[in-house]
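So you can see what is in the structure, the chains are spelled out below.
Number of protein chains: 2
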Amino acid sequence: MRIGFMPAAEPVSRLIEELGKLPGIGPKSAARLAYYLLRMPETEARSLAEAIIAVKDETVLCSSCQNIADSDPCAICTSEERHHNIICVVKEPLDLLALERTGRYKGLYHVLHGVLSPMDGIGPGDLKLKELMERIETGSVEEVILATNPNLEGEATAMYIQRLLSPLGLRVTRLARGLPVGGDLEYADEVTLTHALEGRQPM
Amino acid sequence: MRIGFMPAAEPVSRLIEELGKLPGIGPKSAARLAYYLLRMPETEARSLAEAIIAVKDETVLCSSCQNIADSDPCAICTSEERHHNIICVVKEPLDLLALERTGRYKGLYHVLHGVLSPMDGIGPGDLKLKELMERIETGSVEEVILATNPNLEGEATAMYIQRLLSPLGLRVTRLARGLPVGGDLEYADEVTLTHALEGRQPM
Chain A
1 MRIGFMPAAE PVSRLIEELG KLPGIGPKSA ARLAYYLLRM PETEARSLAE AIIAVKDETV
61 LCSSCQNIAD SDPCAICTSE ERHHNIICVV KEPLDLLALE RTGRYKGLYH VLHGVLSPMD
121 GIGPGDLKLK ELMERIETGS VEEVILATNP NLEGEATAMY IQRLLSPLGL RVTRLARGLP
181 VGGDLEYADE VTLTHALEGR QPM
Chain B
1 MRIGFMPAAE PVSRLIEELG KLPGIGPKSA ARLAYYLLRM PETEARSLAE AIIAVKDETV
61 LCSSCQNIAD SDPCAICTSE ERHHNIICVV KEPLDLLALE RTGRYKGLYH VLHGVLSPMD
121 GIGPGDLKLK ELMERIETGS VEEVILATNP NLEGEATAMY IQRLLSPLGL RVTRLARGLP
181 VGGDLEYADE VTLTHALEGR QPM
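Residue numbers (our numbering), protein chains in the order written: chain A, 1 to 203; chain B, 1 to 203.
This is chain A alone, in the form it adopts within the complex (with noise of 0.2 Å):
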């Protein structure tokens, strides 16, 4: 015979219930990293709390490179040791990260926050592309690298902005194929990501 079997107590459920609903955590997962919460130092579990909370409050959308910063305009839009002429057009924010990360890029950066998918309804007017069209009309930029993943989505938005570039004359450029075509830009490593930023070719 089967017996009505107990949950866990209340409060945890709830949270194996809302660690399950973030992305590549199963509900064995979930429920692994509850106890591990529950069982973590209360000023710690405290900090994590307020660090989630903080991410939301505490941070803006720059309104010149459509980044996540601390500030508006971000530190890097306003950084005077950057090339000003010179904007890469990554998909999202971990993308900029990684580029960042290699240490050899100079230029400014434009965050499109998504890229084209008909599949999932995501058109030119869900991204930040109006934004990128005043920076481009309004400042002194020379070339821009569309630096969106190699993949479908990636290069078909690629090409998208690059229609809408070229009435403008200026060098437009892809990252060079050293990436791993059907990657995702995001796990590259500083040295394949060096590589396709010095051999970016005009597309």
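No incorrect hints appear here.
The list treats identical chains as interchangeable, and a pair is accepted whether it falls inside one copy or across any two copies.
Derived DSS-like pairs (lysine-lysine); straight-line CA-CA distance at most 25 Å:
1. LYS28 x LYS56
2. LYS28 x LYS106
3. LYS106 x LYS130
4. LYS106 x LYS128
5. LYS56 x LYS128
Treat the hints as calculated values from the structure; they're not laboratory data.
For this one, chain A is given, so just place chain B on it according to the hints.
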């Protein structure tokens, strides 16, 4: 020339660092989770943060079975539908939940909160063994099921408890060897656990 690279915004870096402390979450997963949390609706992120705090503030250890619970004594220990003469001893709360999911066990539990592990400096005094002995000496317990994991430390802990209990003339059993040896109780499926419960042998 390498130039100083720009890290993520401080609140984002802090969150990545906090998430990276959790078991099974490496730096890349932590970064991905952090940006996911950043994009989450405010209410959902806040509800995760609150669940992390609540799990510590709103749970107690049941003074009888030592499980993490909403109330002390817990709902299992006070249930009249449970057999109070049988105690199943498990390493941790997750193991109790795994056994509850079989829906076939009607007795009580005792959570050790660990197993003997001389390598990690965990001795008998670090487990909830005193509490187990008190329950057995003051209650009407007829059987103790030793349901620690079927691995080296779990076996050693079961042997240790069996020796503690042998003078008391109780029935002491161990979950049947239906469990994959070297595995982890928490990940066993319900059917295997049911077989293990039903095929338990005197030790």
